[in-house]
Every structure is written in C-alpha cells, then in structure tokens.
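Q: Generate coordinates for the entire structure from the input sequences, incorporating the hints supplied.
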Amino acid sequence: GAGVSQSPSNKVTEKGKDVELRCDPISGHTALYWYRQSLGQGLEFLIYFQGNSAPDKSGLPSDRFSAERTGGSVSTLTIQRTQQEDSAVYLCASSLAFGRGRGTQYFGPGTRLLVL
Amino acid sequence: AQKITQTQPGMFVQEKEAVTLDCTYDTSDQSYGLFWYKQPSSGEMIFLIYQGSYDEQNATEGRYSLNFQKARKSANLVISASQLGDSAMYFCAMREGRTGNQFYFGTGTSLTVIP
Numbered sequence: 001g002a003g004v005s006q007s008p009s010n011k012v013t014e015k016g017k018d019v020e021l022r023c024d025p026i027s028g029h030t031a032l033y034w035y036r037q038s039l040g041q042g043l044e045f046l047i048y049f050q051g052n053s054a055p056d057k058s059g060l061p062s063d064r065f066s067a068e069r070t071g072g073s074v075s076t077l078t079i080q081r082t083q084q085e086d087s088a089v090y091l092c093a094s095s096l097a098f099g100r101g102r103g104t105q106y107f108g109p110g111t112r113l114l115v116l
Numbered sequence: 001a002q003k004i005t006q007t008q009p010g011m012f013v014q015e016k017e018a019v020t021l022d023c024t025y026d027t028s029d030q031s032y033g034l035f036w037y038k039q040p041s042s043g044e045m046i047f048l049i050y051q052g053s054y055d056e057q058n059a060t061e062g063r064y065s066l067n068f069q070k071a072r073k074s075a076n077l078v079i080s081a082s083q084l085g086d087s088a089m090y091f092c093a094m095r096e097g098r099t100g101n102q103f104y105f106g107t108g109t110s111l112t113v114i115p
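Chains as they are written, first to last, in my numbering: chain A, 1 to 116; chain B, 1 to 115.
No lab work stands behind these hints, which were simulated from the structure alone.
Note that the Cβ used here is the ideal one computed from N, Cα and C, for glycine as well.
Do not take every clue at face value.
[What the hints assert, rightly or not] What follows is a list of derived Cβ distance ranges for each label pair:
(1) A:SER58 / B:SER110: 22 to 32 Å
(2) A:GLY16 / B:THR112: 37 to 47 Å
(3) A:LEU116 / B:GLU56: 45 to 55 Å
(4) A:PRO8 / B:ALA81: 37 to 47 Å
(5) A:GLU85 / B:ALA81: 40 to 50 Å
(6) B:GLN2 / A:GLY28: 39 to 49 Å
[What the hints assert, rightly or not] Here are the simulated lysine to any residue pairs, SDA-like style, with alpha carbons at most 20 Å apart:
(7) A:LYS57 / B:ASN101
(8) A:LYS11 / B:GLU44
(9) B:LYS3 / A:SER58
(10) A:LYS57 / B:GLN102
(11) B:LYS3 / A:THR104
(12) B:LYS70 / A:ARG102
(13) A:LYS11 / B:SER42
(14) A:LYS17 / A:GLN84
(15) B:LYS3 / A:PHE45
(16) A:LYS57 / B:TYR104
(17) B:LYS3 / A:GLY59
(18) A:LYS11 / B:SER41
(19) B:LYS3 / B:TYR54
(20) B:LYS73 / B:SER53
(21) A:LYS17 / A:VAL115
(22) B:LYS3 / A:ASP56
(23) A:LYS11 / A:GLN84
(24) B:LYS3 / A:GLY42
(25) B:LYS3 / A:GLU44
(26) B:LYS3 / A:ARG102
(27) A:LYS11 / B:GLY43
(28) A:LYS15 / A:SER62
(29) B:LYS3 / A:SER27
A: Here you go:
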C-alpha cells in the first residue's frame, strides 16, 4: 500500500499483560515517529527513529515502553505490564529525512488500545 | 513555554462560510516548518498544508490557505467555503531543529460546520 499501515487496529488487553503494536512506514521514508493520543487530547510524542541513528526516546513515559525498528523499515512499539492509563490511540507517522523534503509526517490509522 | 498554541478549543461555522483557526508558535530557530493536520472522527491524521519559515508567499492548497505572519509568530489556517465534511479536529504543528526531528503539535481546535 502507499500509506502508513498499523496493526492491530484495535487491541483489548488485561492489566499487566504485554502488548506489541506494529507500524509499516511509507516505502522510502527513513524517519518514523510514534505518538500517543488520549481521548480528546493532543498528540504526545513517544519516540523517533531516523535511519541508522540512535532513536530519540525522550518521550517514552516509563521504562515499560520500548520500541525498535528493524532494517530501517517496520517498527514495533512494546508496552510491558500494561496499566489502565496506557489506554489510548497509538499513532505512527513516517517522513522523508529532513533535508530531503519538508519533513511532512504522514500518519497511519492508529491502534486503539484498551487496557481493562 | 508552549511551542504551539491553539487558543480555540471549539469553533462553529456556517456551511459555505470561511473560517480561521488560530495558531501561534514559539521558536528561536531561523529555519522551521509549520503544518496543519485534520483529524476527522475516524481518527486518522490528514496532512493539509505546509509553510516554510523562508517562504515569502502564504501557502495555499485548494480551499485551505495559511495566513503566515512571521513577526507575530502566527500561522492561522483559513478554510474557505466550509463544507460539512470539514467538521473535524485541526492540529497545528511545527518542525524545528537542525536535524528537523523536533516536531511539536498544538492541542487542537474542534471545528463544527453547521448546515
């Protein structure tokens, strides 16, 4: 597909379980971002990957959150020991590297996570 | 200080009228980019329009235009001839930094178009 894809689209889990969220960026986009959006709120930056550089993890809210990007393409966001406050929509975006374009981010449809 | 400020939590506009959504930003960088995104109830963030800090002309994309006032650090979105499908959340965002990876979003404005 031409756009950013995310899976699953919806995830319901029990408190304390681990979850993995997947993001497939637009082909050729070297930059990848993860955001969290709670109900009715703005976007909270979580983590940023650019090519082979070390990721910017400054937005991760706790050590229960981690992310990796394999082969410079697909990314997985993992939340360990989920808590109810983790319930939110997790959005992934990708862009060309700044300097090769405007840095416009293109977003996926998001994963709606509900922790019971 | 907030990097992006959107002071209008909610706006209403009559169908076919124009509406302006406000956005002010804060940066000390000379090179930066400003973006507007639309988020309908389906949840996906849709890119609308971009303005570079060095662009002398206001950006336009169809019915969307960006009123860029650099000295006032404002980047208001103008939607002309509003349509019912324009009802959504609208987010202003800024990219700054030498590497361009610092990206900030405002809290959004909810726009409702009234028939």
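Q: Would you mind marking each hint as holding or not holding in the structure?
A: Hint-by-hint comparison with the structure:
Taking the beta carbon of each, SER58 (chain A) and SER110 (chain B) are about 29 Å apart, inside 22 to 32 Å as hinted. In this structure, GLY16 (chain A) and THR112 (chain B) meet the distance hint of 37 to 47 Å, their C-beta atoms being roughly 40 Å apart. For the hinted restraint 45 to 55 Å between LEU116 (chain A) and GLU56 (chain B), the CB-CB distance of approximately 54 Å keeps it satisfied. Range check, PRO8 (chain A) to ALA81 (chain B): Cβ separation about 38 Å, and the 37 to 47 Å hint holds.
Checking the proposed 40 to 50 Å range against GLU85 (chain A) and ALA81 (chain B) shows it holds: the Cβ atoms sit about 42 Å from each other. Distance hint check for GLN2 (chain B) and GLY28 (chain A): the Cβ-Cβ separation is about 33 Å, which falls outside the suggested range of 39 to 49 Å. Between LYS57 (chain A) and ASN101 (chain B) the CA atoms are separated by roughly 12 Å; this keeps the pair inside 20 Å, and the hint holds. A C-alpha spacing of about 17 Å is found between LYS11 (chain A) and GLU44 (chain B), which places the hinted pair at or below 20 Å, so the restraint holds.
Pair hint LYS3 (chain B) plus SER58 (chain A) holds up; C-alpha atoms about 16 Å apart against a cutoff of 20 Å. Annotation: proposed proximity of LYS57 (chain A) to GLN102 (chain B) holds, straight-line Cα distance about 12 Å (limit 20 Å). This hinted pair checks out: LYS3 (chain B) and THR104 (chain A) have alpha carbons roughly 18 Å apart, not beyond 20 Å. In summary, the hint linking LYS70 (chain B) to ARG102 (chain A) is supported, as the alpha carbons are separated by about 18 Å, within the 20 Å threshold.
For the given pair, LYS11 (chain A) sits about 16 Å from SER42 (chain B) by alpha-carbon distance, which is consistent with the 20 Å threshold. For the given pair, LYS17 (chain A) sits about 11 Å from GLN84 (chain A) by alpha-carbon distance, which is consistent with the 20 Å threshold. Restraint check: the Cα-Cα separation between LYS3 (chain B) and PHE45 (chain A) comes to about 13 Å, which is no more than 20 Å; the hinted pair holds. Taking the CA atoms of LYS57 (chain A) and TYR104 (chain B), the gap is near 15 Å; set against the 20 Å cutoff, the hint holds.
In summary, the hint linking LYS3 (chain B) to GLY59 (chain A) is supported, as the alpha carbons are separated by about 15 Å, within the 20 Å threshold. Distance check on the hinted pair: LYS11 (chain A) and SER41 (chain B) sit about 19 Å apart at the alpha-carbon level, within 20 Å; holds. Distance check on the hinted pair: LYS3 (chain B) and TYR54 (chain B) sit about 19 Å apart at the alpha-carbon level, within 20 Å; holds. Pair hint LYS73 (chain B) plus SER53 (chain B) holds up; C-alpha atoms about 10 Å apart against a cutoff of 20 Å.
This hinted pair checks out: LYS17 (chain A) and VAL115 (chain A) have alpha carbons roughly 9 Å apart, not beyond 20 Å. Annotation: proposed proximity of LYS3 (chain B) to ASP56 (chain A) holds, straight-line Cα distance about 18 Å (limit 20 Å). For the suggested pair LYS11 (chain A) and GLN84 (chain A), the alpha carbons sit about 13 Å apart, so the restraint of at most 20 Å is met. Distance restraint check for LYS3 (chain B) and GLY42 (chain A): the Cα-Cα separation of roughly 13 Å lies within the 20 Å cut-off, and the hinted pair is therefore satisfied.
Between LYS3 (chain B) and GLU44 (chain A), the direct Cα distance comes to roughly 13 Å. Compliance with the 20 Å bound is thereby established for this hinted pair. Restraint check: the Cα-Cα separation between LYS3 (chain B) and ARG102 (chain A) comes to about 19 Å, which is no more than 20 Å; the hinted pair holds. For the given pair, LYS11 (chain A) sits about 15 Å from GLY43 (chain B) by alpha-carbon distance, which is consistent with the 20 Å threshold. Pair hint LYS15 (chain A) plus SER62 (chain A) holds up; C-alpha atoms about 16 Å apart against a cutoff of 20 Å.
At roughly 30 Å between alpha-carbon atoms, LYS3 (chain B) and SER27 (chain A) are farther apart than 20 Å, so this suggested pair is violated.
Checked against the numbered hints given earlier, the structure breaks hints 6, 29 and satisfies all the rest.
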